[in-house]
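Participant: Chains as they are written, first to last, in our numbering: chain A, 1 to 203; chain B, 1001 to 1216.
Calculated directly from the structure, the hints in this document are not laboratory data.
Watch out, some of these pointers could steer you wrong.
[Stated by the list, open to error] Straight-line C-alpha distance at most 20 Å; calculated DMTMM-like pairs for lysine to aspartate or glutamate:
1) A:Lys196 with A:Glu138
2) A:Lys194 with B:Asp1202
3) A:Lys194 with B:Asp1017
4) A:Lys183 with B:Asp1014
5) A:Lys194 with B:Glu1021
The primary structure of each chain is shown beneath.
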Amino acid sequence: MGVALEQALPAASHEATLIAELRAGSEEAFAYLLAVYQNPVFNLVAHIVEQGTDAADVLQEVFVKVFRSIRHFHGESTLKTWIYRIAIHEASNHRRSWLRRRLREAFSLDEDAAVSEMALAKSPQQPETPYQALEQAERQELVQRALASLAQPYRTVVVLREMEGLAYEEIAQVLGVSEGTVKSRLLRGRELLKRKLGSCMRR
Amino acid sequence: MFETCVEIRRHFSDYLDDRCERESLRSIRFHLNYCASCREELEQLQAIQAELQALPRHRVPPELALSMRVHVSQRVHRNLLRQLWVRCENALQPLLIPASGGVLTAIIFFGLLMGWQVAPASNIPDVPLQIVTPPRVRELAPINFNDGDQAVVVLGQIDAAGRVVGYRVLSGPVTPELTRSLDRTIYFSLFYPATMFGRPTDGQVVLCLRRITVRG
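For reference, chain B alone in the conformation it holds in the complex (with noise of 0.2 Å):
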């Protein structure tokens, strides 16, 4: 039970608030139906309550929201990487057409450059440059002699240009007949001589002689 007006005025904003218990309720219920001060008082609390309640809300304007929504977003979803990454691409770009030019305009100039400096290609014919090169048959002279189906093994000597000095037979008969046949042969063949480090030397073939006859 509440005595006086100042005790029951402390409950009012329970009371505003349906938070009272039942004992407190019926004490100010008491209280105000003889006290009009306090009912009074009581009635200007329930009015600024029911002038606060129906204030106009602050709300957000639509163009706020959207540029909210996107604010928030980007800031939410800020990676440091991306973010310097697009700071790096957003300083280069301009220097990326200048230096392109720049780079074709180096690769250009050194071509130009290169092929001015460097000497043409030779038209004339390589030589071999192998070391040693055997002499070769270039033309051999017609075969007179007749020894069956036995081969004759011959060495020869190949001068400088290309003539025979020499030559010895290495295996097969050594008649006087044959002898003069080879010489006939040999002697009248043509050569390509050996040459060394590309310039013509002396040197040895070995020739194997044998007379093919075709039988019409």
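So here's chain A without its partners, still in its complex pose (with noise of 0.2 Å):
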């Protein structure tokens, strides 16, 4: 996965002319900044919040606030760690809110179906019979719905590293931590997967 989104991803030196040209105000910059980034964006976001069916409008909030923010942006990190960041922070509030509004408002049965409703890309590794295909469709499933039980901080931290491939470095400056927190909540995160996935992922 990691290699597919490095080559999709601008390199530095045109990452400097994309933030010139976001600067200006081009909606071509801006549309090919969608492009990029929209789906690991919108990766990382559906694992945050709550619903899954929110991180649509959490997407378009970090566009939004990306291309109104693109003139403070001073190249401190990479843009995609600064769009990351962005989209942590957004993802997080919309799942405060949520949170809040939970407690008031009644559970609805139809929140599994809607967050199975969202589209998902083909698994990388394509199943040979249909047995196979049973079988990872459940393993997924359940690892999934273990991923989707971590405390948000881990989720993150899992999410950052396993699924979108940044490095320690990267995820500390995203989630504005020291590289020892990223170390430490990976760790705890992933022993509570192994917690969860144990029985079922022992060969």
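Put the two chains together into one complex, using the hints given.
Facilitator: Shown next as structure tokens:
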């Protein structure tokens, strides 16, 4: 996954040009930015917000903020790190407000269905037989559930590391924490996942 | 050198991310050679890592991507003045046709009303409204005197009916013969009377008389 994403992301030399064009208000540059980052950001946001259908709203907010704040981006980090930081900030805010709302409102039975309706890309490893396909789908479902059940700080670090392929330094920049904190959260997150999935991952 | 399984397992996360130092890496490998429990633990972690990396990614649906692009573009380029203008336009547009009709009707009604109220223009030709106008010659009687090239200047007094009441020679030779000729000329001539505020009145006229002979 990481390889495919890295190929799509702009090189450092192009990044400066892209930022300059974004600052000038270029629609084409904005379209390019959306084309490159919308899927990874959407994936990240969808794993943070509790209700998957809200990911689209958060995604819109993220890119509005990115386009508006690009003038204040001075290149202290990479563009990718900066966008991820905004995405996590927006998604966390949204999640907090959603949790507050949920405390006041009744639980809806349609929520799980809504989450499962979200568009998912096909897994890179295609199963050979229908049995394998079923087994893979079940395993992925379990992993998704286990991941979703993690506390948000651990889940965010695991998603950034395992799914988005960010380095420890980048995760630390995105979350605004030290590398040591990233390391300990990742360790704890993996341990929790192993505890939840241990029995079904035994070979 | 790590002593226990607990200590070793604390470094598994780094091991998975290939972030262990050479010394730690050697210790872990050595430990894994004889500790089946830790080996199984690591295999589980590796399997979970592989599953996480193979998880299908959430992708933005095409219709959402397009609508998001439009929405974000609108939000980014939102201009308060422009927005206010559009809102005013939307609010006033339904009123535009009734308001225009009302104004047009008012203009037509006002025009008709004014046409009816204002008195029609008079057909009688206007009299010049100068305060005072002098008498003017209407028809001059033939001049019978012959006094060479010298002109005779006469001051005539004209009454309100345009008749000559009297006259006086201002310059020129005054002879009995000339006086008779002047009497015939002046008393038989016709004049327009002088006017004051458009009404005929007495006045004076200065005439310069000279006989012109054309030889043929």
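Participant: Out of the numbered hints, which ones does the structure contradict?
Facilitator: Of the numbered hints, 2, 5 do not hold.
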